[in-house]
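**Student:** Residue numbers (our numbering), protein chains in the order written: chain A, 15 to 159; chain B, 15 to 159; chain C, 15 to 159; chain D, 15 to 159.
Heads up, some of the hints might be wrong.
For chains that are exact copies, the list does not tell them apart, and a pair is met inside one copy or across any two.
Simulated crosslink set (SDA-like; lysine to any residue; CA at most 20 Å straight-line) [to be verified]: (1) K143 <-> P23; (2) K143 <-> L87; (3) K143 <-> R68; (4) K143 <-> A97; (5) K143 <-> T83; (6) K143 <-> G40; (7) K143 <-> E99; (8) K143 <-> G88.
Read the hints as simulated data drawn from the structure, not as lab findings.
4 protein chains.
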Amino acid sequence: MSDPAKARPPHHRAEIRVRYEETDQGGVVYHANHFRYFEVGRTELLRSLGATYRDLEAAGTRLVVIEATARYLGPARYDDVLAVETTLREARGATLVFDYAIRIAGGDGPAVVEGSTTLACLGAQGRPKRLPEPLRGIVDRLAPR
Amino acid sequence: MSDPAKARPPHHRAEIRVRYEETDQGGVVYHANHFRYFEVGRTELLRSLGATYRDLEAAGTRLVVIEATARYLGPARYDDVLAVETTLREARGATLVFDYAIRIAGGDGPAVVEGSTTLACLGAQGRPKRLPEPLRGIVDRLAPR
Amino acid sequence: MSDPAKARPPHHRAEIRVRYEETDQGGVVYHANHFRYFEVGRTELLRSLGATYRDLEAAGTRLVVIEATARYLGPARYDDVLAVETTLREARGATLVFDYAIRIAGGDGPAVVEGSTTLACLGAQGRPKRLPEPLRGIVDRLAPR
Amino acid sequence: MSDPAKARPPHHRAEIRVRYEETDQGGVVYHANHFRYFEVGRTELLRSLGATYRDLEAAGTRLVVIEATARYLGPARYDDVLAVETTLREARGATLVFDYAIRIAGGDGPAVVEGSTTLACLGAQGRPKRLPEPLRGIVDRLAPR
Chain A
15 MSDPAKARPP
25 HHRAEIRVRY
35 EETDQGGVVY
45 HANHFRYFEV
55 GRTELLRSLG
65 ATYRDLEAAG
75 TRLVVIEATA
85 RYLGPARYDD
95 VLAVETTLRE
105 ARGATLVFDY
115 AIRIAGGDGP
125 AVVEGSTTLA
135 CLGAQGRPKR
145 LPEPLRGIVD
155 RLAPR
Chain B
15 MSDPAKARPP
25 HHRAEIRVRY
35 EETDQGGVVY
45 HANHFRYFEV
55 GRTELLRSLG
65 ATYRDLEAAG
75 TRLVVIEATA
85 RYLGPARYDD
95 VLAVETTLRE
105 ARGATLVFDY
115 AIRIAGGDGP
125 AVVEGSTTLA
135 CLGAQGRPKR
145 LPEPLRGIVD
155 RLAPR
Chain C
15 MSDPAKARPP
25 HHRAEIRVRY
35 EETDQGGVVY
45 HANHFRYFEV
55 GRTELLRSLG
65 ATYRDLEAAG
75 TRLVVIEATA
85 RYLGPARYDD
95 VLAVETTLRE
105 ARGATLVFDY
115 AIRIAGGDGP
125 AVVEGSTTLA
135 CLGAQGRPKR
145 LPEPLRGIVD
155 RLAPR
Chain D
15 MSDPAKARPP
25 HHRAEIRVRY
35 EETDQGGVVY
45 HANHFRYFEV
55 GRTELLRSLG
65 ATYRDLEAAG
75 TRLVVIEATA
85 RYLGPARYDD
95 VLAVETTLRE
105 ARGATLVFDY
115 AIRIAGGDGP
125 AVVEGSTTLA
135 CLGAQGRPKR
145 LPEPLRGIVD
155 RLAPR
């Protein structure tokens with residue numbers, strides 16, 4: 015029987031208003047800036063679960079992006095409020111995989127960007143290490159394995 | 015028999031010195047900034063082939079990133095000179111695919127980042143269109159089909 | 015007799031959480047990024063007064079920074095929530111001057127950055143023009159002359 | 015009698031090609047990005063004098079911007095090659111003042127941006143300290159006092 019606590023992976027929705035300098039002369043958000051929005055998304059997802067990346071780093075743990083991918087499906091424009099939906103898809107060993115969908119907030123439209131990032135958990139010397147508490151406990155309770 | 019003119023896809027090597035603001039407090043280049051280096055790479059590859067993106071855009075053509083991916087294999091640091099090696103892997107219809115490898119210049123080491131981007135060619139109304147000249151001629155002569 | 019409606023120049027307080035990529039390897043917010051926070055400050059001040067820069071620009075008016083200055087008094091760090099306090103100090107002809115103070119939100123401390131920017135109002139051909147409505151009415155009612 | 019060795023303050027000219035993401039939807043370089051070009055300018059000026067900021071920082075010295083100002087006189091556009099002319103105007107105690115003028119390279123035109131930054135020399139604990147060697151020697155020989 016499925017464990018309902020694990021049925022829904024941790025998910026969070028953050029809102030970001032597009033700043034002028036995040037656009038380029040094409041009149042839309044510069045494509046690489048969406049990876050910055052992804053980072054806001056996963057940071058706020060972790061915060062909603064009780065773990066701040068600031069504290070993790072201060073305690074000697076770094077989460078480093080080792081793979082990043084995005085598909086651009088439509089334009090995001092200056093002053094748009096974007097909804098960044100972040101899901102922790104997978105957690106195993108020293109690795110976390112997050113999925114993202116960015117939509118124009120307040121609308122019902124399809125995603126303008128979808129993507130994912132894989133992060134490795136590194137210790138002080140830059141060596142992979144298992145997720146520390148409280149992140150480990152959070153992930154053990156919540157993430158699909 | 016293979017056509018030697020098509021045997022080697024167009025390739026270019028650009029050098030970029032890492033700026034202070036491109037680092038983050040982790041002490042390395044912020045991961046999303048490598049997509050900016052990729053853009054320098056493909057811009058200089060096109061320039062070396064006789065086409066500037068500036069002119070393309072002024073003539074009503076836009077090349078828009080529709081997919082981007084990167085794998086981070088090692089750190090790039092402040093003041094490092096990076097060699098961005100760009101290859102036009104594929105060109106068909108309204109789409110170009112570029113591959114990238116970023117190394118620390120002057121060394122013999124492995125890539126610190128590898129990635130690729132897919133760009134769509136759009137006309138004035140944002141509709142896909144075939145590559146215009148001189149880009150089409152360049153691609154027809156050089157790119158693997 | 016002084017007009018109390020003009021006694022207090024328009025003022026707004028916006029909150030911004032520092033993103034990871036806004037830091038540099040010195041461990042604090044890269045100095046130029048505070049000018050981006052200033053822009054968020056004046057954008058939100060205008061919005062609070064009933065004018066969005068997006069609409070102004072769509073109607074053919076641009077507000078272009080012609081002078082910018084900042085004094086850095088203390089560090090702003092990753093994940094800090096910053097309070098950007100923006101004041102419209104002066105408005106005359108085609109020019110607006112905004113003052114800014116950035117503090118760590120939730121604290122009582124001194125500003126970490128103070129600065130100002132002067133913006134010129136430009137029309138479609140890039141020529142200076144008088145502020146258009148609704149901005150003109152807002153400024154006439156509120157700003158010290 | 016004036017010392018000719020001190021008659022001309024240290025000066026350097028660096029070239030930078032404007033990247034696409036450095037523009038905004040107004041079609042010109044986003045104003046805050048010129049402070050990044052200023053940093054390239056002073057970094058290359060120091061390098062030309064025999065001091066790299068990378069080495070200074072590795073040896074425990076930081077040069078922190080405590081004041082920055084810019085006047086925007088004309089547009090810089092995508093793919094323009096900019097000439098950043100940097101002058102070390104003043105050096106006293108723990109403080110360096112650099113002046114900048116940015117022109118479109120290859121032209122004879124006026125500056126598009128002029129500005130200056132004041133940097134404080136800080137030691138390991140973030141306390142002001144006198145300039146270390148080799149920077150001190152360089153400044154003693156060259157800068158107007």
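**Student:** If a hint holds in the structure, say so; if it doesn't, say that too.
**Tutor:** A quick look at each hint next to the structure:
1. K143 <-> P23: Classified as neither: same-chain Cα gap 23 Å, cross-chain 41 Å, threshold 20 Å.
2. K143 <-> L87: Between copies only: 17 Å across chains, 36 Å inside a chain, cut-off 20 Å.
3. K143 <-> R68: within (18 Å within a copy, 29 Å between copies)
4. K143 <-> A97: neither (32 Å within a copy, 31 Å between copies)
5. K143 <-> T83: neither (24 Å within a copy, 25 Å between copies)
6. K143 <-> G40: between (42 Å within a copy, 17 Å between copies)
7. K143 <-> E99: Classified as neither; 27 Å inside a copy, 32 Å across copies.
8. K143 <-> G88: between (38 Å within a copy, 17 Å between copies)
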